[in-house]
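Student: If you want the building blocks of each chain, they are given just below.
2 protein chains.
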Amino acid sequence: MKYEFSITKNPNPKKKPDPDTLRFGTEFTDHMFIMDYQEGEGWHDGRIVPYGPLSLDPAAVVFHYAQEMFEGLKAYKSEDGRVLLFRPYMNAQRTNRTNDRLCIPQIDEDLFVEAIKALVKIDADWIPQKEGTALYIRPFIIADEAFLGVRRSNHYKFIIILSPVGPYYVGGLTPTKLYVEDKYVRATDGGTGEAKCGGNYAASLKAQEEAHAKGYEQILWLDGVHRKYVEEVGTSNAFFVIGDEVVTAPLDGTILPGITRNSVIAILKKKGIKVAERKTTIDEIVQAYKDGKFKEMFASGTAAVISPVGELRYKDEDMIINNGEIGPIAQELYDTIYGIQTGKLPDDMGWTVEVK
Amino acid sequence: MKYEFSITKNPNPKKKPDPDTLRFGTEFTDHMFIMDYQEGEGWHDGRIVPYGPLSLDPAAVVFHYAQEMFEGLKAYKSEDGRVLLFRPYMNAQRTNRTNDRLCIPQIDEDLFVEAIKALVKIDADWIPQKEGTALYIRPFIIADEAFLGVRRSNHYKFIIILSPVGPYYVGGLTPTKLYVEDKYVRATDGGTGEAKCGGNYAASLKAQEEAHAKGYEQILWLDGVHRKYVEEVGTSNAFFVIGDEVVTAPLDGTILPGITRNSVIAILKKKGIKVAERKTTIDEIVQAYKDGKFKEMFASGTAAVISPVGELRYKDEDMIINNGEIGPIAQELYDTIYGIQTGKLPDDMGWTVEVK
Ligand SMILES: Cc1ncc(COP(=O)(O)O)c(C=O)c1O
Ligand SMILES: Cc1ncc(COP(=O)(O)O)c(C=O)c1O
Numbered sequence: 001m002k003y004e005f006s007i008t009k010n011p012n013p014k015k016k017p018d019p020d021t022l023r024f025g026t027e028f029t030d031h032m033f034i035m036d037y038q039e040g041e042g043w044h045d046g047r048i049v050p051y052g053p054l055s056l057d058p059a060a061v062v063f064h065y066a067q068e069m070f071e072g073l074k075a076y077k078s079e080d081g082r083v084l085l086f087r088p089y090m091n092a093q094r095t096n097r098t099n100d101r102l103c104i105p106q107i108d109e110d111l112f113v114e115a116i117k118a119l120v121k122i123d124a125d126w127i128p129q130k131e132g133t134a135l136y137i138r139p140f141i142i143a144d145e146a147f148l149g150v151r152r153s154n155h156y157k158f159i160i161i162l163s164p165v166g167p168y169y170v171g172g173l174t175p176t177k178l179y180v181e182d183k184y185v186r187a188t189d190g191g192t193g194e195a196k197c198g199g200n201y202a203a204s205l206k207a208q209e210e211a212h213a214k215g216y217e218q219i220l221w222l223d224g225v226h227r228k229y230v231e232e233v234g235t236s237n238a239f240f241v242i243g244d245e246v247v248t249a250p251l252d253g254t255i256l257p258g259i260t261r262n263s264v265i266a267i268l269k270k271k272g273i274k275v276a277e278r279k280t281t282i283d284e285i286v287q288a289y290k291d292g293k294f295k296e297m298f299a300s301g302t303a304a305v306i307s308p309v310g311e312l313r314y315k316d317e318d319m320i321i322n323n324g325e326i327g328p329i330a331q332e333l334y335d336t337i338y339g340i341q342t343g344k345l346p347d348d349m350g351w352t353v354e355v356k
Numbered sequence: 001m002k003y004e005f006s007i008t009k010n011p012n013p014k015k016k017p018d019p020d021t022l023r024f025g026t027e028f029t030d031h032m033f034i035m036d037y038q039e040g041e042g043w044h045d046g047r048i049v050p051y052g053p054l055s056l057d058p059a060a061v062v063f064h065y066a067q068e069m070f071e072g073l074k075a076y077k078s079e080d081g082r083v084l085l086f087r088p089y090m091n092a093q094r095t096n097r098t099n100d101r102l103c104i105p106q107i108d109e110d111l112f113v114e115a116i117k118a119l120v121k122i123d124a125d126w127i128p129q130k131e132g133t134a135l136y137i138r139p140f141i142i143a144d145e146a147f148l149g150v151r152r153s154n155h156y157k158f159i160i161i162l163s164p165v166g167p168y169y170v171g172g173l174t175p176t177k178l179y180v181e182d183k184y185v186r187a188t189d190g191g192t193g194e195a196k197c198g199g200n201y202a203a204s205l206k207a208q209e210e211a212h213a214k215g216y217e218q219i220l221w222l223d224g225v226h227r228k229y230v231e232e233v234g235t236s237n238a239f240f241v242i243g244d245e246v247v248t249a250p251l252d253g254t255i256l257p258g259i260t261r262n263s264v265i266a267i268l269k270k271k272g273i274k275v276a277e278r279k280t281t282i283d284e285i286v287q288a289y290k291d292g293k294f295k296e297m298f299a300s301g302t303a304a305v306i307s308p309v310g311e312l313r314y315k316d317e318d319m320i321i322n323n324g325e326i327g328p329i330a331q332e333l334y335d336t337i338y339g340i341q342t343g344k345l346p347d348d349m350g351w352t353v354e355v356k
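So the protein lines, in turn, are chains Y and Z. Per this note's numbering, numbering of the first sequence is gapless, rising by one per residue and ending at 356. Per this note's numbering, numbering of the second sequence is gapless, rising by one per residue and ending at 356.
It cannot be assumed that every hint is accurate.
No copy labels: a pair is met if it fits in one copy or bridges any two.
[To be verified] No farther apart than 27 Å at their CA atoms in a straight line, the calculated lysine-lysine pairs in the DSS-like style are these:
no.: 1; residue 1: K183; residue 2: K279
no.: 2; residue 1: K295; residue 2: K214
no.: 3; residue 1: K290; residue 2: K315
no.: 4; residue 1: K279; residue 2: K228
no.: 5; residue 1: K177; residue 2: K228
no.: 6; residue 1: K14; residue 2: K130
no.: 7; residue 1: K228; residue 2: K183
no.: 8; residue 1: K315; residue 2: K183
Simulated from the structure, these hints should not be mistaken for laboratory data. Model, not experiment: these values are computed from the prediction.
With these hints in hand, go ahead and build the complete structure from the sequences.
Tutor: Right, here's the structure in full:
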């Protein structure tokens, strides 16, 4: 292996959780990966150590100015015992695009993937195998130089933690109810919408809570300038089946370039289903609904893979999609992507990377 | 006193820095204030402890989703030895408005101010007295529940740290050069512009670095929707003297409601100088410049108090303001506000709060 990481084994391994009651992101494995960056020296001292608290100066940049980013991907164990990652180089590339926007130093993409592999290998026993479960991998970077004042940090930590997870939505593939947000804005042109940085998520909490209070699970965001183009859903990208075409927002700076989104588009194209990345107004969707042409809606993301949408609320318009049931395209995409991810289907796209 | 905080004295006090070479935000005093919040229990266990590292789970919300906020104010020591805070209740109120936007629990405003007073009292020897220096006070809140998933944290820490500071701009009251940003956006309607949350600052780093590379010290932001209304400057609010009127952006959600801004407006009104909070386009300013009516520009903020602007660059238009020199209104505002803050002038506005 090109990269050498020092390894300190955890002398007190924890009891593994019951796969039947796994939730999302509340349990962590025995180890974590840490690497430091110092201006002038670069990234150095990559190491695997027991999972445990970080000790940071209270003036660390991350606490005040949120110079931080994260990624998310999953490891699955196939029925024949192989450990599979799904398109991890795309997470590495997205990391560097986020880093560029946040003035965080670039990371070697091979190193990023090798660090994930090394850590997953050590904690491979933590990968649950029950349907819908996985080992969620969370690489993240925090700026930890201690000073007050708005400028880029000269010191960072790149950390990877692992969490055995159950399904993101407790109901599984049950269709969700979404609220079209017309008061709050997640991202706008010239902002950080396409970066996976903490600030975007903090900004979204309030709208999410107000939607929950109204009885909706998630938000469908509209663009910040015109408040009419549909963008994305919570932590996933949005797809609409209108007539015989699947449409999704284009990557023009305000939405996260989802890896699941990219995979959905590739699979649709391969299957010969019409798919378009184009700006779509919420009014077009309401009109399609009235005309009986709004057939399906679903969201795509690492956490839930494909999440069907059963109801979409925009102002006074309550749209029940496909009778509130999962549609055929969403089901087929879920089966295909989840099948490839877990090694049940042949990986004819070359998307999985085995941890050996 | 209504609030009781436990106090653990630092057994190893540090050497105080040389007031002549003080910079901004790089040195910290011997103590800090910490208070915890637990859902169901509320804020509890306010305590003053030796300044030192925080120990946090790597899955703490603040590292991933930037649920965090901060405030900033200063303590001065007057010539007759009194320790003065400047309008600290306004910081407490702004904290709660920020908290509301970020889904962080509210803090009792008296408690907020009493905690600052108790900490400043213990480290009062750290307040430098040289012209332009002060003790900078940084209250901040971080979400530290350990889980992955986008929802509000159930656990927080409210922390106050203190830093003896020199002038924010090393040159002191020397006029700065600003670049009018037309590519990046700091905040937009429906976003978090009026909240003092980390994400806003992380998002601004890139634009700031590009402006530095072009030879400008700071950015003048334009609004995110039309890209034409002037908003604010770096970490301060912007004022323009056009003809005989002083104009500044209104508080309509996208700019931070600066406490210095509020004080500037009050003083101008008191002195009978015309001041307007109104949306102003950059084109109006360029036109005023061409007509010889753009007399002065300055920025207002806790760090620099009043910072005159000598040059403003918008696309190809290079505006040299007041011959690149500090103007009479900026000078008078600086003298008045700084005079009140440091107890040199009588506080006829009732703005200072003494730490006894
Ligand atoms: C805002 C947002 N949009 C979309 C996605 C989907 O991206 P991916 O498919 O890479 O998980 C995510 C992350 O998971 C996200 O946080
Ligand atoms: C974005 C921004 N605008 C304006 C200000 C000025 O506010 P104040 O006068 O309360 O310091 C600050 C903070 O200091 C700020 O961060």
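Student: Look at each hint and say if it fits the structure.
Tutor: Status of each hint after checking the structure:
{"no.": "1", "hint": "K183 <-> K279", "in the structure": "both (20 Å within a copy, 21 Å between copies)"}
{"no.": "2", "hint": "K295 <-> K214", "in the structure": "within (25 Å within a copy, 51 Å between copies)"}
{"no.": "3", "hint": "K290 <-> K315", "in the structure": "within (15 Å within a copy, 46 Å between copies)"}
{"no.": "4", "hint": "K279 <-> K228", "in the structure": "both (10 Å within a copy, 24 Å between copies)"}
{"no.": "5", "hint": "K177 <-> K228", "in the structure": "within (19 Å within a copy, 37 Å between copies)"}
{"no.": "6", "hint": "K14 <-> K130", "in the structure": "within (20 Å within a copy, 56 Å between copies)"}
{"no.": "7", "hint": "K228 <-> K183", "in the structure": "both (12 Å within a copy, 22 Å between copies)"}
{"no.": "8", "hint": "K315 <-> K183", "in the structure": "within (11 Å within a copy, 32 Å between copies)"}
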